[in-house]
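Participant: One letter stands for each residue in the lines below.
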Amino acid sequence: MNIIVCIKQVPNATNVQIDDETGRLKRDGVEAIINPYDEYAIEEGVRIKEKLGGKVIVVTMGPPQAENALREAIARGADEAILVSDKAFSGADTLATSYTLFCAIKTIGNYDIVICGKQASDGDTAQVGPETAEMLNIPHISYVKKIETIDDKSIRVERMMEDGYDLIESSVPVLLTVVKEINTPRVISLKGKMAARKAIIKTFDAKDIGADVRKIGPNGSPTQVVKIFTPVYRTGGEKFVGQPHEIAAALVKKLSDIGVI
Amino acid sequence: MAMDYMLSEEERIMIETARTIAVEKIKPVREQYDEKEEFPWDIVKEFAQADLCGVYIPEEYGGFGKGIMGLVLVVEELCKIDGAIALSLAATALGTLPILVAGSEEQKKKYLPDIASGKKLAAFGLTEANAGSDATGMTTTAVKEGDYYVLNGTKCFITNGGDAETYTIFAKTNPQRGARGISCFIVEKGISGFEFGKKEKKMGIRASSTRELIFNNCKIGKDQLLGKEGHGLMIAQTTLDNSRPGVAAQALGIAAGALEEAVDYARKRVQFGQPIASFQGIQHMLAEMATEVEAARALLYASARMIDSGTVKRTSKESAMAKLFCSEVAMKVTTNAVQIFGGYGYSREYPVEKMMRDAKITTLYEGTSQIQKNEIALNLIKESAAKSK
Numbered sequence: 001m002n003i004i005v006c007i008k009q010v011p012n013a014t015n016v017q018i019d020d021e022t023g024r025l026k027r028d029g030v031e032a033i034i035n036p037y038d039e040y041a042i043e044e045g046v047r048i049k050e051k052l053g054g055k056v057i058v059v060t061m062g063p064p065q066a067e068n069a070l071r072e073a074i075a076r077g078a079d080e081a082i083l084v085s086d087k088a089f090s091g092a093d094t095l096a097t098s099y100t101l102f103c104a105i106k107t108i109g110n111y112d113i114v115i116c117g118k119q120a121s122d123g124d125t126a127q128v129g130p131e132t133a134e135m136l137n138i139p140h141i142s143y144v145k146k147i148e149t150i151d152d153k154s155i156r157v158e159r160m161m162e163d164g165y166d167l168i169e170s171s172v173p174v175l176l177t178v179v180k181e182i183n184t185p186r187v188i189s190l191k192g193k194m195a196a197r198k199a200i201i202k203t204f205d206a207k208d209i210g211a212d213v214r215k216i217g218p219n220g221s222p223t224q225v226v227k228i229f230t231p232v233y234r235t236g237g238e239k240f241v242g243q244p245h246e247i248a249a250a251l252v253k254k255l256s257d258i259g260v261i
Numbered sequence: 001m002a003m004d005y006m007l008s009e010e011e012r013i014m015i016e017t018a019r020t021i022a023v024e025k026i027k028p029v030r031e032q033y034d035e036k037e038e039f040p041w042d043i044v045k046e047f048a049q050a051d052l053c054g055v056y057i058p059e060e061y062g063g064f065g066k067g068i069m070g071l072v073l074v075v076e077e078l079c080k081i082d083g084a085i086a087l088s089l090a091a092t093a094l095g096t097l098p099i100l101v102a103g104s105e106e107q108k109k110k111y112l113p114d115i116a117s118g119k120k121l122a123a124f125g126l127t128e129a130n131a132g133s134d135a136t137g138m139t140t141t142a143v144k145e146g147d148y149y150v151l152n153g154t155k156c157f158i159t160n161g162g163d164a165e166t167y168t169i170f171a172k173t174n175p176q177r178g179a180r181g182i183s184c185f186i187v188e189k190g191i192s193g194f195e196f197g198k199k200e201k202k203m204g205i206r207a208s209s210t211r212e213l214i215f216n217n218c219k220i221g222k223d224q225l226l227g228k229e230g231h232g233l234m235i236a237q238t239t240l241d242n243s244r245p246g247v248a249a250q251a252l253g254i255a256a257g258a259l260e261e262a263v264d265y266a267r268k269r270v271q272f273g274q275p276i277a278s279f280q281g282i283q284h285m286l287a288e289m290a291t292e293v294e295a296a297r298a299l300l301y302a303s304a305r306m307i308d309s310g311t312v313k314r315t316s317k318e319s320a321m322a323k324l325f326c327s328e329v330a331m332k333v334t335t336n337a338v339q340i341f342g343g344y345g346y347s348r349e350y351p352v353e354k355m356m357r358d359a360k361i362t363t364l365y366e367g368t369s370q371i372q373k374n375e376i377a378l379n380l381i382k383e384s385a386a387k388s389k
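Chains as they are written, first to last, in my numbering: chain A, 1 to 261; chain B, 1 to 389.
The shape of chain A in the complex, shown without the other chains (with noise of 0.2 Å):
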């Protein structure tokens, strides 16, 4: 059973700071993670892989650092990692990532299962899984909870619901979206550290993965971030206190101020 995971490198978000000149987050300084999220998704990768056999793969599109989350994908037992980057790649919203990362799946080719973290903790989209799914014209599930039974035909699997839990089956390959629930991710083992070490992370550029370049970067970019701002809490309004007929009447005055009656 071959598994691709993909991954993203985020800022650790328990200390994200926003610059609030520019809207952007401030990245400089901040310890880059692997997406919490897709800790998860390598984990379910690794145990499958376990039981029976075959190889993962990760996967991650991103600047030349996102190798340093390979190199942790490895170290929690995967065992190739693949870093897409291209300067051209830079800039890309939802739907041209997920074409890239289409493209680069296209291009490892033979694969049963593609996992993905249910969503990012910097953009909380949850769009990139589904819609390389569709991309790769292949069934996707999200928010699975668990895996129930896996072979190389079909899955069964458990979505995680507000009220409860789907239970779906779906025929091979699939991209599922896993949620928290599905598992605890290990410790890091000596060995594996050691292997992330010596690991050689294969790099593909646009031209290696084929890509179309009018579908990827800004130019494949539908969606724009126009403004990111924090929004302005509304403080408390006016209180009015006393007996009933002293309230009636400062509301009845203050209205009437105010020009609404």
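Don't read these hints as lab results, they were simulated from the structure. Treat each hint with caution, since some may be false.
[Claimed, not checked] Heads up, simulated SDA-like pairs for lysine to any residue below, C-alpha to C-alpha not over 25 Å straight-line: (1) 180(A) x 42(B); (2) 191(A) x 162(B); (3) 146(A) x 42(B); (4) 180(A) x 19(B); (5) 49(A) x 62(B); (6) 146(A) x 36(A); (7) 191(A) x 67(B); (8) 27(B) x 36(A); (9) 198(A) x 19(B).
[Unchecked claim] Non-contacting residues of chain B with respect to chain A, defined by C-beta distances greater than 12 Å in every case (computed): (10) 107; (11) 133; (12) 193; (13) 267.
Glycine included, every Cβ here is placed at the ideal spot set by N, Cα and C.
We have chain A; now place chain B onto it with these hints.
Facilitator: Showing chain B alone in chain A's frame:
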């Protein structure tokens, strides 16, 4: 800043891994295990999964190959959080060392990989009811009958007893020869004539099992003998030279954990309108505790490095010094930590009373502090005598 001991990257990785398990997996359950006196199988699984069980076992047998220093670093880090749960691993090292010290290539290949992977735990069976500090007083016997040895006798206070799969057992093969009549055997759990007796109820290290091992006409193959007949006591002594730093590491970890708790508490506890850390009386206690912990660490690491260097034949003196000093420091530092916590320190609501209870064993097992002093003095005299020849 912590003192810099020029640790290698691999050594730092071991510490980091042990730290992660200690904080994320052990800390939330340590009181529960202490209270219930249960064997921490859930945590043993974590040790195994993270490759911590075989840090001191050479790579060719499936370990991480980082020697006694590797064992020391891992045990210290785990014991900062809990001094009992780490024993599943540390006492396994004690039970495994006779195989590393005296095992044939065949025996090493047979037993070490499962111990390195954490699939099996080990235990060391030397002590008997009337043979503690004086191991030669043991009455367990192993009588050779053709291709077998037949074991009879009872071992007591065996750490991991009942939970371990692989036991290194010392027994008299020739009672007339005294110290030279003792031999060491590998005995596996489950064989006929090998049973477990009562489980001790202890002051501390309550998440660690301590049981009697009972041999009643227990027949084992002659290939279970480690080294040669009559070499048992020598194997035990060499094992203890290698394992005492493990106890020292347990003591150091407990002391370092108690120090951290004490400093943190002293900063937060307000009396007379100010944190008690602002009082010189408390400050001086903390300063002494920190200095002793660091001195203990420096002595222990130096001893462990010396053992691993393999350049010295015997390291009895250095191992004994490390064990003596670290365990006495652990007792002193944990007692002072309880003192700084005041009445709260005596309460099970806070972790330091357990640390004090757990620390005490380190001055007792694998040789009491008095036995360590004997060992140190004996070697001093020998060294001096050798010089004056």
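Participant: Now, for every hint given, state plainly whether the structure supports it.
Facilitator: Now for the hints, and whether the structure bears them out:
Our distance criterion of 25 Å between C-alpha atoms is met by residue 180(A) and residue 42(B), whose separation comes to about 21 Å. Annotation: proposed proximity of residue 191(A) to residue 162(B) is violated, straight-line Cα distance about 30 Å (limit 25 Å). For the given pair, residue 146(A) sits about 22 Å from residue 42(B) by alpha-carbon distance, which is consistent with the 25 Å threshold. Distance hint between residue 180(A) and residue 19(B) is fulfilled; the C-alpha atoms sit about 23 Å from each other, no more than 25 Å.
Taken as a hint, the residue 49(A) and residue 62(B) pair is honoured in the structure, with Cα atoms around 22 Å apart against an allowance of 25 Å. At roughly 17 Å between alpha-carbon atoms, residue 146(A) and residue 36(A) fall within 25 Å of each other, so this suggested pair holds. In summary, the hint linking residue 191(A) to residue 67(B) is supported, as the alpha carbons are separated by about 16 Å, within the 25 Å threshold. This hinted pair checks out: residue 27(B) and residue 36(A) have alpha carbons roughly 22 Å apart, not beyond 25 Å.
Taken as a hint, the residue 198(A) and residue 19(B) pair is honoured in the structure, with Cα atoms around 23 Å apart against an allowance of 25 Å. Against chain A, the non-interface label of residue 107(B) holds: every CB pair exceeds 12 Å, the least being about 24 Å. A cut-off of 12 Å between C-beta atoms confirms that residue 133(B) is not in contact with chain A; the least separation is 37 Å. At roughly 38 Å from the closest C-beta of chain A, the C-beta of residue 193(B) stays outside 12 Å, upholding its exclusion from the interface.
Separation of residue 267(B) from chain A is adequate, the least Cβ-Cβ distance of about 23 Å exceeding the 12 Å criterion.
In terms of the numbered hints stated before, the structure departs from hint 2 and from no other.
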